[in-house]
Amino acid sequence: MPAKLIDPAEIRQRRILAIDDEQPNILLLQSLLEQEGYASLKCLSDPTKALQAYIDFEPDLVLLDLMMPQVDGFELLEAFGRHDKADEYRPVLVLTADTTLQARRRALSLGAKDFVTKPFDVIEVALRISNLLETRILYERLRSA
Amino acid sequence: MTVEAMRRVARYWADRSLAVKGLVVVALPLAILLGALVSLYLASNAETRAESDVRRAFAIQRDTYQVHALLAEAAAGVRGYVLTNEEQFLDPYRKAEAELPPTIGRLDDAIEDHVVRQHFEDLRRLERDKREGLREILEEADSGGTSSAELSTALVGNKLSLDEVRRSIDAIQEREAVVLDERRARVDEVRRGFLVLTAISALVGLLGSLSAVYLFSTGIVRRVRKLEGDARALAEGERLTDPPEEADEVGRLAQGLVRASALLHAREDDLRASEERFRLVVEDVRDYGIFALDPEGIVTTWNLGAQRIKGWQAEEILGHHFSRFYPPETRDYLPSEMLERARASGSAEDEGWRVRKDGSRFWANVVVTALRNERGELQGFAKVTRDMTERRRSEDALRKAREEAETASRAKSQFLSRTSHELRTPLNAILGFGQLLQLNEDQFDERHREAIGQITLAGRHLLSLINDLLDISSIEAGASELKIEPIDLNELLDEVQGLAAPIVATAGLTFERIAPDRQALVLADRRRVIQVMLNLVGNAAKYNRTGSLVRLACTIDDDAVRVSVEDDGPGVARGMAERIFTPFDRLGQQERARVEGTGLGLSLSKSLVEAMGGQIGYEPLEPGSRFWFSLLQPTTGRDKNLALPPDNNEGQPCPPN
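Line by line, the protein sequences give chains A and B.
Using this note's numbering, read the first sequence as starting at 1 and increasing by one per residue.
Using this note's numbering, read the second sequence as starting at 1001 and increasing by one per residue.
Source of the hints: derived by calculation from the structure; they are not laboratory data.
Any given hint could be a false lead.
Okay, the calculated beta carbon distance ranges per label pair [claimed, not checked]:
| no. | chain 1 | residue 1 | chain 2 | residue 2 | range |
| --- | --- | --- | --- | --- | --- |
| 1 | B | 1351 | A | 46 | 26 to 36 Å |
| 2 | B | 1461 | A | 83 | 16 to 26 Å |
| 3 | B | 1575 | A | 111 | 50 to 60 Å |
| 4 | A | 85 | B | 1439 | 31 to 41 Å |
C-beta atoms are modelled at their ideal positions from N, C-alpha and C, and glycine is treated no differently.
The shape of chain A in the complex, shown without the other chains (with noise of 0.2 Å):
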């Protein structure tokens, strides 16, 4: 194991913003990034809340659900994309049932940086999570050099 560049305990100080419209699987996001140690999360299971929830949040990554009512994971990542700038690397990890290859092709040309579908396997997940924040310090401290 190579010594790490960033801190765990940097990445765990990350905002993580996750949204669903099936409470169990908000309720299950939310017990694995305890268990893993995040301290500042934001779920949400109301997607027509989710752009604002962005906005105010600033998450460093967004857990993002594709198949959900009144405004879907797509117009998210979307909405997502027109809000930030351009330099912006905001990284979305898309967590979804549907296993359709459109799915997967269609949300990361949207600007998913991540797709896993499920029933997914809890620590594969933590372990991508940590992976895009530690993508994200990076290219911040990237940027403020």
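With the hints as your guide, set chain B onto chain A.
Below, chain B without anything else, positioned relative to chain A:
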């Protein structure tokens, strides 16, 4: 000569070649003329002969007179000499002596008539006697011994013999006169005959010429005229009958004309029959409106099909412009445009709305063809119209059905992906929390740990079920896209060995692989073939509790490549074999031992293999079992029949991460 014989002769004449006929026609008057000339020559000869006879008769008369005159003068001279002794009185005597013998000779030659000859013989004798007498008188007178009395007696005797000569000459003259008359008469006769002969010759020559002309006329000219008439009739298309029987050139020519006429008429009849058939066919065609237009677009013919499709009777439409078949919106430009296109490129095709007589519309397929004669001049147009309304209607229905089917297919795949989503979403919480609990299992006692393990296990089982079931459904619904391509099964065997070896080893079995010695090309979806192989190998490993071996083999025979998976385990119980590919039927295995499985694996494999055009089957072994499947080879050509699903759904359920 009988009529029959005459007919034979006429026939014989008619059958001679023109050369023979010409020869005869020219030679006949010539021969007659020649005959006339010969007869003229003969007649002229006869006349000449008769004239010479007459001349000869005159000569005889003259000579007999000469004889008499010479003798008389000689006698008178002698008498004078005797009386006077004057030498000069002897001249006539000497002349007579010199001239009489040749004169007598001439007479001897000339006389032919036997009566005259008798008299001539008398004359010759008398003449001889007379000259003898005269010579004796002269000799006596010269000797002087003669008395005057004796002399007188001699003179008197001389005178008497002269009289006798005279009488003889008279007889000859008389007879010659008769002969002369006869000969004159013959000359006249010959002349008359000659005249008659000339007249006859002239007549015969004339007749000969006339008959030659007649023969020529009957044999040749008349027939050549007839031939000319036949040729004219033939040119006018009349039918020639009764071929002439004459076998000469003209006859054969005429027969040839008759044969040509027969042939021409046979062809014309054929053509007419064929045209009639064609006309009937065209007229009776009901499905196609076939009619003709003149160059201006005026309807000139009409068939049953046109009547049926467009509603007009022939008499209602003939003479009208064809633009009335077009609806108002295209009537102004489309008809002339169609004709122009047909004129320019030979034909023009169009599909569109046309109107019937009653104003109703129909969807028509129209082909307009320009009709040109052999000089390329436009004669008009042929127009073939088809009522395609039904086809259009059925095409519309078909399109609608296809759209509905596509919609249904889309709906089905939407339903499948929705179902998948809806089943996975709660399962995500179940499995996720189960896993979280397992991560913290040291916080629980044994009983709870067991319960958490059961939740996770059941959740995973449920997930496998969902995956397999959705897989089968999407394949059967055609919603799952198969990527069919030529693949080499040898490579897949390697891959499957790599993937399955750990499972087989875990089960404590030996993995055996038998690959063919050459490429095993099949048309299949690579990923799905691996899925099927893994399923079969996995089954073999899972259920082989008594044996020691799993064997994966690939064989190539004439029209299929076959993959088989064998084991030496307990095999499938008798009576269960036919249920082996039935979904959810695990043949009681789940009770016998703790063997994981959804009961959908073989069912899914069967769906996949069949979707790729292959076959799957089971054979019991002693001990063990053999599962096999075969796939199509690229060369079999049956891949065309493979039903590929529409590509409106390129996605498929992904295997779980």
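Against the structure, the hints come out as follows:
Between residue 1351 (chain B) and residue 46 (chain A) the beta carbons are some 57 Å apart, a value that contradicts the proposed interval 26 to 36 Å. Checking the proposed 16 to 26 Å range against residue 1461 (chain B) and residue 83 (chain A) shows it is violated: the Cβ atoms sit about 43 Å from each other. Distance hint check: the CB atoms of residue 1575 (chain B) and residue 111 (chain A) are about 59 Å apart, consistent with the given range 50 to 60 Å. With their beta carbons about 38 Å apart, residue 85 (chain A) and residue 1439 (chain B) fall inside the hinted range of 31 to 41 Å.
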